[in-house]
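Given only the sequences and the hints, what does the whole structure look like? Please build it.
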Amino acid sequence: MYNVKIVETEKEHADAFAVRKKVFVEEQGVPLHLECDAHDATATHFIMYEGSEPAGAARLRCIEDHIAKIERVCILESQRGKKLGALIMKEMENHAISIGLQKLKLHAQSYAVPFYEKLGYTVTSPEFMDAGIPHRAMEKNI
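Its first residue numbered 9, the sequence shown is counted upward by one per residue in this note's numbering.
Hints in this document: simulated from the structure, not taken from any laboratory. Bear in mind that the values here come from a model prediction, so they are computed numbers and not experimental data. Where is the CB? At the ideal position from N, CA and C, for every residue including glycine. Incorrect hints may have been included.
Stated by the list, open to error - Derived lysine to aspartate or glutamate pairs resembling EDC-like cross-links, with alpha carbons at most 16 Å apart:
#	residue 1	residue 2
1	K77	E99
2	K91	E72
3	K30	E101
4	K113	E125
5	K111	E72
6	K30	E61
To be verified - Derived Cβ-Cβ restraints for the label pairs, each shown as a range:
#	residue 1	residue 2	range
7	K13	G89	33 to 41 Å
8	M137	E61	31 to 39 Å
9	S60	M137	33 to 41 Å
10	Y57	E35	13 to 21 Å
11	Q36	K98	17 to 25 Å
Spelled out as structure tokens, the structure:
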């Protein structure tokens, strides 16, 4: 059974950052100083658990009136292929709607564009590099 929730405790915070470090820093080679940034202090963080074990993480950051940016969406390698990315995205979108947001933006790694398109996101930029990885900007009205 998987559960997605907003991070509220120090343990949940540590679990979310451990997942992010494993996926982005260790697997993808993103430097830690780029993965953990100043926005972490003000973003709303989400953690996904399978039972009591962390499985995924993400964050949501308000960037303009009624607009937020989804960032750092990641699922542990051992948990991939179970549609967990869609689950964490749905929970984040539900939260965004509940706080009155109207649009979500994100920077998708280019290989993941089809995943986000299936969730209703539209590409809004040419490909660009971020932390040495090709990305595309995307957005969705909610």
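Tested hints:
1. K77 x E99: Distance ~14 Å between K77 and E99 Cα, so the pair holds.
2. K91 x E72: Measuring from Cα to Cα gives roughly 30 Å; hence the hint is violated.
3. K30 x E101: Violated, because 24 Å separates the two Cα atoms, which is more than 16 Å.
4. K113 x E125: holds, 12 Å
5. K111 x E72: The hint holds at about 10 Å.
6. K30 x E61: holds, 14 Å
7. K13 x G89: 33 to 41 Å: violated, 22 Å
8. M137 x E61: 31 to 39 Å: holds, 33 Å
9. S60 x M137: 33 to 41 Å: Taking Cβ atoms as reference, S60 and M137 lie about 37 Å apart, which means the hint holds.
10. Y57 x E35: 13 to 21 Å: holds, 20 Å
11. Q36 x K98: 17 to 25 Å: holds, 24 Å
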